[in-house]
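All chains, full assembly: derive it from the sequences and hints.
Sequence order for the protein chains is A and B. Going by our numbering, 391 is the number at position 57 of the first sequence; the sequence numbering is gapless. Going by our numbering, 321 is the number at position 53 of the second sequence; the sequence numbering is gapless.
For the record, the hints were derived by calculation from the structure and aren't laboratory data. For every residue, glycine included, the Cβ atom is placed at its ideal position computed from N, Cα and C. One or more of the hints may lead you astray.
Said to hold, decoys possible - Computed list of chain A residues with no C-beta within reach of chain B, every gap over 10 Å:
1) Glu445
2) Gly456
3) Leu464
4) Gly506
5) Met509
6) Arg550
7) Pro587
8) Glu670
9) His694
10) Pro695
11) Pro749
12) Asp756
13) Cys770
14) Gln975
15) Ser1001
16) His1051
Claimed, not checked - Taking lysine-lysine and the DSS-like style, the derived pairs with C-alpha atoms no more than 27 Å apart in a straight line are:
17) Lys592(A) / Lys883(A)
18) Lys510(A) / Lys781(A)
19) Lys701(A) / Lys295(B)
20) Lys357(A) / Lys394(A)
21) Lys939(A) / Lys338(A)
22) Lys338(A) / Lys927(A)
23) Lys883(A) / Lys810(A)
24) Lys348(B) / Lys624(B)
25) Lys701(A) / Lys328(B)
26) Lys624(B) / Lys560(B)
27) Lys690(A) / Lys348(B)
28) Lys295(B) / Lys628(A)
29) Lys436(A) / Lys338(A)
30) Lys690(A) / Lys490(B)
31) Lys328(B) / Lys560(B)
32) Lys513(A) / Lys501(A)
33) Lys295(B) / Lys690(A)
34) Lys333(B) / Lys703(A)
35) Lys624(B) / Lys628(A)
36) Lys701(A) / Lys348(B)
37) Lys367(A) / Lys357(A)
38) Lys703(A) / Lys295(B)
39) Lys338(A) / Lys357(A)
40) Lys514(A) / Lys686(A)
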Amino acid sequence: MDKKLGLYICSGCSISDSVDVDKLAIMAQAEYKPAVCQTHTFLCGDEGVAIIRRDVEREKVDAVVIAACSPRAKAESFSFDPLMVLERVNLREQVAWCHEAKHEDTQALAEDYIRMGLVKAGKMEPLEALPEDTISRTVLVVGGGIAGVSAALDSAAAGYDVVLVEKQPQLGGFMKGLKKAFPTRAPYTEASSDGLTSKLQAVVSNPRVKVFCSTRIVKTEGQPGMFDVTMEGASGTSVHRVGSIVMATGWQPYDAAKLGALGYGLPNVITNVELEQMAARGQITRPSDGKQAKRVLFLQCAGSREQDHLAYCSSVCCMTTLKQTEYIREQDSQAEVYVIYRDIVTPGPYEKYYRKVQDHPLNFFMKGKVTQVAAAADGRVQVSLDSELLGAPMQVTVDLVVLATGMVPNSADGPAIRALRDANAKLARNESETQCKDAEAIIAQMKPHEGTEILNLTYRQGPDLPVLQGGFPDSKFVCFPYESMRTGIYAAGAVRAPMDAALTEEDAGGAVMKAIQCIELASRGQAVHPRTGDLSYPSFNLQRCTQCKRCTEECPFGSLDEDEKGTPKFNPYRCRRCGICMGACPERIVSFKNYSVDMIASMVKAIEVPDEFEEKPRVLVLACENDAYPALDMAGQARQQYDASVRIIPLRCLGSMNIVWIADALSRGIDGVLLLGCRFGDDYECHYMRGSELANRRLENVKETLQRLQLESERIHLTQLGMDDYGRLPDIINEFAARIREIGPNPYKGF
Amino acid sequence: MGNPILVEPDTELIRDVMEAGGGDLKKCFQCATCASTCSLSPEESTFPRKQMLLAQWGLKNELLKDPAPWLCFYCGECSKSCPRQANPGETMMALRRYLTTQYDWTGLSRLMYRSAFWEIGILALVAAFVVALFTLPQSFGFGLLSRSGPLPLSNVMLDKFAPKEMVHLGDTIMAALLSLLLLANAARMFLGLTRDGNIPARLYFAQIGSLIVQGVTQMQWKNCNDSDASRNWIRHLFLVSGYATIFTLVVVFLPWFQIQDSSFHWTSILGYYSTAVLLVTTAWMVLDRIGKRTEMHRFSHLSDWLFPILLFLTAVTGILVNIFRLLNLPMPTYVTYVVHMAIAVPMLVVEVPFGKWSHLLYRPLGIFVATVKRKALESASEEAAVTGQALASNG
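In structure tokens, the structure reads:
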């Protein structure tokens, strides 16, 4: 550790009103003997920054510790060589602004933070950039419908070559089969007859775009910047090197065979898709006898927003029905059209279309629930419904019923297919009877996924993207739309979420921007979101690896493949730098140059723990940098005050938490450990998708250990929160601190 | 919930209502802002949201069962608050016009509401008949009220020109006839409203008081939400008092009220009150309508103009008869008398059973039935609660 540490303490922003900055400097000088220890009243100003820069240039200092505002503030001021060791200590938002000024506990807190910062900086190494690699600047677009075609055109326009692959013989996807599309121009009262022709011509004639129809992907190997994609099709087999992938495989209609309760199966009950096809071919007639339908009833939300069918709204079925009422009226101006709905979804300018269709006296709209669809005489259909608006049951007999069914994404469930393959492999290996029985059960359950592969990734974690309930690619879509759980692969259009053509075109553009960003960041050796631009990356001391496969399994992004023995193989361009692998590894072989198990453990050990007679407990707070740390900063900005017994250490993700830190904390006499992280579960908000969930699971094991050591398990607690919960933070922290005081001091103090 | 509503949209109803003022009713998307705004709509059966939907769907039976259009006094707050400008206030007015045409068994009401030609035509026809009555010579057999003998031109001798016994008889017959027609229509209205429910007769009798009070005072109006409610109610009440006074004078007390020469009689003072009130209120109403001063006045059907204008002209000609008589100007008196009759009679014949005036019975009747239905619901739920308690305590 012969680093030349430079400690720079800022006394501005009321830090000096809260703590004695000079005393801090004296303490630091005495305990750690940094090469430089300086205070300044306005460190982020030109003069302050110049001092640091000068010290670095003159090589007086090669590791900088800035004790001032939060690391989330003034990054552009404190910007030096990105490879240099730089540690920020938060004396403002998490000391001066949220604790009692000039109180001894506040001073003690500031002292501990400076100790922790110096210790960490002492252990950090300058970053090394990833070795230079040739990064492909080609984007693979999977799917040639409106999403894929728009993505291809956008990518080409931005200067990135495209490989566009489509399994059908022609481009155009679903839009090709429509008679008309939703209104595209003000005043949004006319369905559009524009069609896709000009777009398709543009994509086919674009010199940057190579189109492969009647072609499927058989293998995708590699990582962002260097995916090797093998395709097979009408024009033979080919391998393409691409930098990132846009998944634009679109949708298919919900299977109406499951809607027998709504009358599907009766000859004159059809779906909206079937009606559209009929209309595109020519006349709309009753399927039973080819006669005109004088009365048509549209049944909205058919198989949608239901527990037993699709749980969600597909957002396009209402507009589709409105459009189709006009087809019917074109044919017969006196036709009676009934629309039975739960809600009418016509967002934005589409509202004008709704108003127009509503205005016709023979279009009848009713909010209600259809209770029965039965055959009536002469091929007619009798529909019974409970009208919510009239508070009474109604019955109407019509010639044709149209079920407005929803959209199902064309996706493959990666983990499911993997489970199926693993189970088959197990059976083939003929292991124990119970193992075989389990395998057979899995095979039976996952059978429907057989043969559904789209991307065919050679990743250990599975051949396709993990999907959410409903089949949409899993993502933390609130923060990172388009992303998937595989770095460099972005979803666009109806496979990402049900949407109409207009939104799909925008979506394609968004996904292409992410795809391009991924390529550019890879070319600089930098990470993508959430740690965009991060130059650090984990290294694996494989000598001590025991092939337990925890890192391989727990990495949310499948960055780690395995060899036959199970030794992890790291793919740096897939990595998001979260450190979940670091938290998972029981042997602690994973580390970053600026983030390691030892660094955090040392920070924990640097905390001064008063003995039990002083009655000043110490609570370690491990806060994830995505929601929890900002929330703490925001609480400080709002000048919310909370218990000064806390010592906060930011983590990249709660999932990077290694259990040894808790053990170290408790053995040092720290009375409690509070983990603050993003929410997990069905509506998760964890920015690395599985991190806080993993931390929670690992805690279960810790609780057992605690009980064995006769320590109360309540000393460890995980609280899920969002950034917007900063108002609750003082209560969360104070309540935990109060609980710890109740439980009493850690008996291991002073050991 | 009962038997399902069998949907067979009555396209004639939809067209009638849309042409009678409900032209924007298809814009309604059932947000219920109108019903929330309305201070008159009762909690258990708010309006006008549902009526907008019934009209959109042409559900005639449901509309005939619903007294709601008559509970509305057209303050127009609903129209002002409607986010789609679907004009629920005017639609309720259109429904009242439509229902008026449906209660009438003769079909004349519908004819006149849908056609200005027929409305004006029939008024003109009746006016011509009245003029003929007074002017054709006796030999034609029409001369019931024509002069028996030479027209007295030296002094006003009204009784020679229009014998008060004859006029009185005519007035009484007309009043009876028109009342019968109106009552018949009201009976149809009542049957339509009460067909479904099994409401015990005693409830009707219990609420008779409210029927009379509402009919006479139109008190409900002042509960309207808008700032003009009290003013409109009081103005209308004066109008009613003026009309009621002159009606009584002409139908019951004509032998005293119609003075045959130029002498003065105290009943004229009551007549002056009526005249003043009628002139002021009707002119005010017409001016409001011209100026589109409030929501209620933004749209005017022909029937909305004819009614106050005819009433105004009746009052004008009536006071002129009085003035000419007092000034002892025979010919002007006689001529004005005929003109007065030729305006008043057609007005009454067309308006009372077939036109806008019918609301004098339809509205209180609607309020009455709505009140009875509410009481029936209340006592039904009370009974249910009592039964429930009894069962619970027994069980």
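Against the structure, the hints come out as follows:
1. Glu445: holds (62 Å)
2. Gly456: holds (66 Å)
3. Leu464: holds (58 Å)
4. Gly506: Correct as stated: the minimum Cβ-Cβ distance to chain B is 35 Å, above 10 Å.
5. Met509: holds (29 Å)
6. Arg550: holds (46 Å)
7. Pro587: holds (28 Å)
8. Glu670: For Glu670(A), whose nearest Cβ neighbour in chain B is about 7 Å away, the distance does not exceed 10 Å, so it is violated.
9. His694: violated (7 Å)
10. Pro695: violated (5 Å)
11. Pro749: holds (44 Å)
12. Asp756: holds (53 Å)
13. Cys770: Answer for Cys770(A): holds, closest chain B Cβ roughly 57 Å.
14. Gln975: holds (45 Å)
15. Ser1001: For Ser1001(A), whose nearest Cβ neighbour in chain B is about 64 Å away, the distance exceeds 10 Å, so it holds.
16. His1051: holds (47 Å)
17. Lys592(A) / Lys883(A): Not OK: Lys592(A) and Lys883(A) at ~41 Å, beyond 27 Å, violated.
18. Lys510(A) / Lys781(A): violated (32 Å)
19. Lys701(A) / Lys295(B): At roughly 15 Å apart (the allowed maximum being 27 Å), Lys295(B) and Lys701(A) satisfy the hint.
20. Lys357(A) / Lys394(A): holds (23 Å)
21. Lys939(A) / Lys338(A): holds (21 Å)
22. Lys338(A) / Lys927(A): Holds: Lys338(A) and Lys927(A) sit about 17 Å apart, inside 27 Å.
23. Lys883(A) / Lys810(A): holds (25 Å)
24. Lys348(B) / Lys624(B): holds (24 Å)
25. Lys701(A) / Lys328(B): holds (19 Å)
26. Lys624(B) / Lys560(B): holds (19 Å)
27. Lys690(A) / Lys348(B): Roughly 22 Å separates the two Cα atoms, so the pair holds.
28. Lys295(B) / Lys628(A): holds (24 Å)
29. Lys436(A) / Lys338(A): Status violated; Cα separation ~31 Å.
30. Lys690(A) / Lys490(B): violated (38 Å)
31. Lys328(B) / Lys560(B): Violated: Lys328(B) and Lys560(B) sit about 31 Å apart, past 27 Å.
32. Lys513(A) / Lys501(A): Holds: Lys513(A) and Lys501(A) sit about 23 Å apart, inside 27 Å.
33. Lys295(B) / Lys690(A): Holds, at about 9 Å.
34. Lys333(B) / Lys703(A): OK: Lys333(B) and Lys703(A) at ~24 Å, within 27 Å.
35. Lys624(B) / Lys628(A): violated (38 Å)
36. Lys701(A) / Lys348(B): holds (24 Å)
37. Lys367(A) / Lys357(A): holds (14 Å)
38. Lys703(A) / Lys295(B): Given that 27 Å is the threshold and the Cα spacing comes to 22 Å, the pair holds.
39. Lys338(A) / Lys357(A): Between Lys338(A) and Lys357(A) the Cα gap is close to 21 Å, so the pair holds against 27 Å.
40. Lys514(A) / Lys686(A): Holds, because 17 Å separates the two Cα atoms, which is no more than 27 Å.
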